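Residue numbers (the UniProt record's numbering), protein chains in the order written: chain V, 1 to 340; chain L, 1 to 340.
Quick caveat, the hints were computed from the structure, so don't treat them as lab data.
Check the hints yourself; a few may be wrong.
Because identical chains share one entry, a pair is satisfied inside a single copy or across any pair of copies.
[Said to hold, decoys possible] Within a straight-line C-alpha distance of at most 25 Å, the following computed BS3-like cross-link-like pairs (lysine-lysine) qualify: (1) K7 to K107; (2) K7 to K113; (3) K332 to K107; (4) K146 to K190; (5) K146 to K171; (6) K169 to K190; (7) K171 to K113; (8) K210 to K171; (9) K113 to K12; (10) K201 to K296; (11) K332 to K210; (12) K296 to K169; (13) K107 to K171; (14) K190 to K210; (15) K146 to K210; (16) K332 to K113; (17) K20 to K332; (18) K210 to K107; (19) K113 to K296; (20) K113 to K20; (21) K296 to K171; (22) K146 to K301.
What you are looking at is a predicted structure, and each value in this text was computed from that prediction instead of being measured.
2 protein chains.
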Amino acid sequence: MSDLINKQILLKSRPVGEPKESDFTLAEAPISQPGEGEVLSRTIYLSLDPYMRGLISEGESYAANVELNSVVVGGTVSQVIQSNHPQFQAGDFVLSRNGWQTYAVAKGATLQKLDPSQAPLSYSLGVLGMPGLTAYTALLDIGQPKPGETVVVSAASGAVGAVAGQIAKIKGCRVIGIVGSDDKRDYIVKELGFDVGINRKTEELNAALKAAAPDGIDVYFDNTAGVILETVLQQINLGARIPLVGLISEYNATSAPPGPNLRPLLIKRALIKGFLVSDYQHRANEFVSDVAGWLKSGQLKYQEDVVVGLENAPRAFIGLLRGENFGKLVVKVSEDPTAV
Amino acid sequence: MSDLINKQILLKSRPVGEPKESDFTLAEAPISQPGEGEVLSRTIYLSLDPYMRGLISEGESYAANVELNSVVVGGTVSQVIQSNHPQFQAGDFVLSRNGWQTYAVAKGATLQKLDPSQAPLSYSLGVLGMPGLTAYTALLDIGQPKPGETVVVSAASGAVGAVAGQIAKIKGCRVIGIVGSDDKRDYIVKELGFDVGINRKTEELNAALKAAAPDGIDVYFDNTAGVILETVLQQINLGARIPLVGLISEYNATSAPPGPNLRPLLIKRALIKGFLVSDYQHRANEFVSDVAGWLKSGQLKYQEDVVVGLENAPRAFIGLLRGENFGKLVVKVSEDPTAV
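Full structure from sequences and hints, please.
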């Protein structure tokens, strides 16, 4: 194998804002021999996905960042050339992470064998691979769409969005896709069967969403965050679910967008959920029993800030908003005959 | 009862920014007779809570807004004067929503009888009432704190925050409270048993949180939103849970804070959850079975945008971030021997 030349694309400089071709450089390298348990493969298809933008920046992302002068990472479909791993032999097709290079050596345990008779090989980088699984689980497990609900998908013609929107249609939802061109809008409506497509570059998003989703939005499959999320939030229904799947709108940003910035929510797979106590009346009995017990045992202390006289309510309320009260603020409007 | 005078506080003008005393006015009114099924009661305690700020503004909140020249709303503990409802009689103590006035007539069905031998009457406006139930359910049902985890509470000396933090301690967590004065900081640590208190007005919040939560933050009980949420988000752990309970930081705001503004999330009790596909590998088999089936039946369509040649990967990637691709972007690095 030593006569083969490995063409690689290396990260030459960390892009500031939109990446430039000069941030990358083409290099050649000898091909290393696979060690024990390792496999040498030739790259057939390389997947390009928006998440990679985060990996070529500095700073925290959900995967290790690409070092300068290293091969850019990426999922690939590859064919085994030489195998020192019992599960693979020359000629096998595998799902691997060869990155942006023509050959790579990898541990066999990181590879997954592909059956080319089941679907075109490249599909395992898309609809039957990571983007498809993303669309399927983020929509169904977090979004939990119910028949008749309205689902909005951003970046709707992309690898993830196109699948998410179609699955929402299969589940009986009204589906609205947000895209960036008329061609894409026509594509998601005429080819993919979305109910409405919105070209956010030529249409006023807020008005277009109101027209397309007159009953409000139940699920927002968010690939973009930023201003699209902000706009969709204005039109969500009670109990809406928003899987935050991508941050396309800010991958190229050179400064933090105005806060609260939701990037940590994505990276940490964290959850923010709006709360209103009236939804939790079914917990009232358990609550009173627990809290009354903790009060009695002294594990929980309670302090009141009692203002006397209804006429003092406005001033006390103003102070409350300034944080001037100390403990729970109540106004004693008339005598409490039970007070000791 | 017609010799009794009802003192009321009416909303005179909608506050712009911080409310002023002149936004309210004291008035007197005759007391109406209770009709069939109604109860006349005298207000003993009136609860003042930050959420009321939203109700005296224009615009959507989660409860009906207070009309101009109407009595300001609010929860009360009251004593029944006259009852035309079989479940109540004169002398009974009830939890009601008399609002900012000394007497009110209400439908009996909206009242809840209180037993003054169980706890001081005013507690049903606080630790044993709505603020307590808020603390209990938002922390336990959404926050789901586990022993040893780190919980941060904002507005930690307030009616809700003080209870939430103490319950987190009871559940075995490390608890950090954010407050607005040294007195309050001393109070939550020395009296309530919080592990750390941070005075956000004198300490640099980011650095103080790092020192107080060296292992990161697992639950953030958010009463404030705004810049405190923004700062806490920088330090959350994988799988963190953030019940969004209040928006104190923006109740007085005269313009929308920089987006994405999370007010709709609270009002609609909606959910944003960060997603990463690697958390969902356990769904891979069901995914492949479903999606391969939908592809075969034609219910799901898939389009690829194939770029030929590794050397074209950088340009294709730049175009991807600009939204120039059409369908899933893959680079064909070498020949696919299975392609038709």
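Violations among the numbered hints
Those not satisfied are hints 7, 9, 10, 11, 13, 18 and 20.
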